[in-house]
Structures are given as structure tokens and as C-alpha cells.
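Per full-length UniProt numbering, the very first residue in the sequence shown carries number 1; after that it's consecutive.
Honestly, the hints are just simulated from the structure, not real lab data. No experiment lies behind these values; they were computed from the predicted model shown. For glycine and all other residues, C-beta sits at the position ideal for the given N, C-alpha and C. The hints are all genuine.
Here are the in silico distance ranges between beta carbons for each label pair:
# : residue 1 : residue 2 : range
1 : Pro-18    : Pro-98    : 42 to 52 Å
2 : Leu-165   : Arg-76    : 16 to 26 Å
3 : Asn-95    : Ser-61    : 46 to 56 Å
4 : Glu-77    : Ala-20    : 14 to 24 Å
5 : Glu-142   : Leu-53    : 38 to 48 Å
6 : Arg-130   : Asp-80    : 13 to 23 Å
7 : Thr-90    : Val-158   : 18 to 28 Å
8 : Arg-110   : Arg-135   : 18 to 28 Å
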Amino acid sequence: MSSDTPAKAPVAPRRRDPEARRRAIVAAASELLVEGGGDLTHRRVADRAAVPLGATTYYFSSLDELREEALALLGRELEDALVEFRRDVTASAGNPVPIAEFTHAYLSDRHRVGVDTALYLEALRQPHLRELAVRWFDGVVETLSAWTDPACARSVAVYMDGAALHAMLHDEPLDLDTITRAVVALMPPRASTTEENA
Numbered sequence: 001m002s003s004d005t006p007a008k009a010p011v012a013p014r015r016r017d018p019e020a021r022r023r024a025i026v027a028a029a030s031e032l033l034v035e036g037g038g039d040l041t042h043r044r045v046a047d048r049a050a051v052p053l054g055a056t057t058y059y060f061s062s063l064d065e066l067r068e069e070a071l072a073l074l075g076r077e078l079e080d081a082l083v084e085f086r087r088d089v090t091a092s093a094g095n096p097v098p099i100a101e102f103t104h105a106y107l108s109d110r111h112r113v114g115v116d117t118a119l120y121l122e123a124l125r126q127p128h129l130r131e132l133a134v135r136w137f138d139g140v141v142e143t144l145s146a147w148t149d150p151a152c153a154r155s156v157a158v159y160m161d162g163a164a165l166h167a168m169l170h171d172e173p174l175d176l177d178t179i180t181r182a183v184v185a186l187m188p189p190r191a192s193t194t195e196e197n198a
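Given only the sequences and the hints, what does the whole structure look like? Please build it.
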């Protein structure tokens, strides 16, 4: 007896993407570091990435290697934020008010503040990571030095670091008015050539 039901096409086996699994493991480890990953373990990473426990040891020879890859990922996130900061500072011609607004928005993003904190904490544990951890600070100083005295730029960067720690500990940033007053006070405009020669 014939059937009008069409024959089903054979289902092609699903291809595994080993790089996607590896990326998922690194992303999971980075999330755990941001959340406070002092006790990062293969099992916690595997659970977060929804992969078998053995996958973490298959792709990474040690937990330290995985930790460093996760930190490198966080470093790239910080670089992206720095590009955004430079763009906003340039667009505002170094006006401290928009810089304060950027700072407040940045500090309101708990994930970004967590990235900063994770990198600093890891740099304290592992001195060879300090270059990665101070990238944001150095980038802020370099960017602001185009618009104000380098010493003032450093003062703003130090204030931003302290404000980030405050935001992490209190689960909220300082209010915009407080940040604006501080940044305006710390960041006088660079003296003009005429003033310098007076």
C-alpha cells in the first residue's frame, strides 16, 4: 500500500564547533572572575559554560592558562571602553561635564566596574598582569592630557579608580552632581599659549 507522506530527508549530523566551545569556556571564566573569581574552578566554569567538565581540561592545560585567557578577554572589553571614552572626550573637546557624564554612566554599569575590579585584584595576585590592569588608568591619563595638564589628568584617573571601587562596594555609583563637581575641580583646561607666555 502506497503512502502519500513524503519521505523524510536524512538529517545531516550536526557539526561540532570546537572554537565555539572554547570561546564559551573563556567567556564563562571571565564572568566568574567579574563576579569574584578568587575560587575559580574547572567545575564552576564547566557549569557556567554548560559544557562537560572534561572540556575545560581538554582546551586548557591548567586553570592558570584558562584564567589568563579569561583576563585577556576582560582586557579587550576594557580596550573597547577606552576607545569609547577617547571618542567621547574628543567629541566634547575636553569639556569636563560630558566627561563626568561618561564616568557616571560607566560606573552605573556593574559589569564594567566588575571588569575593572577583577583586573586589579588579579594584578595584585599576579604581578605580571599589572600592565593589563593599568591599561585603563594609563589610557585615561593619556586621553585627558590632550585637554588638561598631565598631573590633573592623573588626578581625574585616580578619582575614577576610587569612584569605581565605591560603586563596587556600595552597589551604586556616586551621583552625577558629585562626580561632575569633582571632575570639574580636578580638570582645569590647559592654559593657552598666551597665558603660558604671560
